[in-house]
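Generate coordinates for the entire structure from the input sequences, incorporating the hints supplied.
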Amino acid sequence: MNNELAVTGSELPILQTKGTYKYLKEITGNGAYYQVAWQKLTDGYVALYGTAPIQIRAVPTLNDIFEDEEG
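Residues in the sequence shown are numbered from 1 upward in steps of one, following the numbering used here.
These are calculated hints, taken from the structure and not from any lab test.
Only a predicted model underlies this, so the values are computations on that prediction, with no experimental measurement involved.
Glycine included, each C-beta is placed from N, C-alpha and C at the ideal position.
Do not rely on the hints blindly, as some may be mistaken.
Unchecked claim - Pair by pair, the computed Cβ-Cβ distance ranges are:
id : residue 1 : residue 2 : range
1  : Thr42     : Lys22     : 17 to 23 angstroms
2  : Arg57     : Gly29     : 27 to 33 angstroms
3  : Gly29     : Thr8      : 28 to 34 angstroms
4  : Thr51     : Leu5      : 26 to 32 angstroms
5  : Gly31     : Glu4      : 26 to 32 angstroms
6  : Arg57     : Gly9      : 17 to 23 angstroms
7  : Glu4      : Asn30     : 31 to 37 angstroms
8  : Glu4      : Ala32     : 15 to 21 angstroms
9  : Ala32     : Leu5      : 25 to 31 angstroms
10 : Arg57     : Gly31     : 27 to 33 angstroms
11 : Thr8      : Asn30     : 30 to 36 angstroms
Here's what the structure looks like:
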């Protein structure tokens, strides 16, 4: 398992379900897989691997959050 600080500090999305992605122990073949996300489990996080990146939805920046406090 990976610790929460490492996971939340990474730029990879956190998924609730594994979907079609693979765990490291399931990867076979030519090694074209790379880490694309984390899966949140009840006791931590596990890395998920795929062959294409996952599109991350836009998230607000600190500027968006504090914009109306400027003045």
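The hints, checked one at a time:
1. Thr42 to Lys22: 17 to 23 angstroms: holds, 20 angstroms
2. Arg57 to Gly29: 27 to 33 angstroms: holds, 30 angstroms
3. Gly29 to Thr8: 28 to 34 angstroms: Holds, since Gly29 and Thr8 (Cβ atoms, about 31 angstroms apart) stay within the stated range.
4. Thr51 to Leu5: 26 to 32 angstroms: holds, 28 angstroms
5. Gly31 to Glu4: 26 to 32 angstroms: Holds - the Cβ-Cβ distance for Gly31 and Glu4, about 28 angstroms, lies within 26 to 32 angstroms.
6. Arg57 to Gly9: 17 to 23 angstroms: holds, 19 angstroms
7. Glu4 to Asn30: 31 to 37 angstroms: Holds - the Cβ-Cβ distance for Glu4 and Asn30, about 33 angstroms, lies within 31 to 37 angstroms.
8. Glu4 to Ala32: 15 to 21 angstroms: Because 29 angstroms falls outside the window, the suggested range is violated.
9. Ala32 to Leu5: 25 to 31 angstroms: Once the Cβ atoms are compared, 29 angstroms apart, the range 25 to 31 angstroms for Leu5 and Ala32 holds.
10. Arg57 to Gly31: 27 to 33 angstroms: holds, 29 angstroms
11. Thr8 to Asn30: 30 to 36 angstroms: With Cβ atoms ~31 angstroms apart, the hint holds.
Checked against the numbered hints given earlier, the structure breaks only hint 8 and satisfies all the rest.
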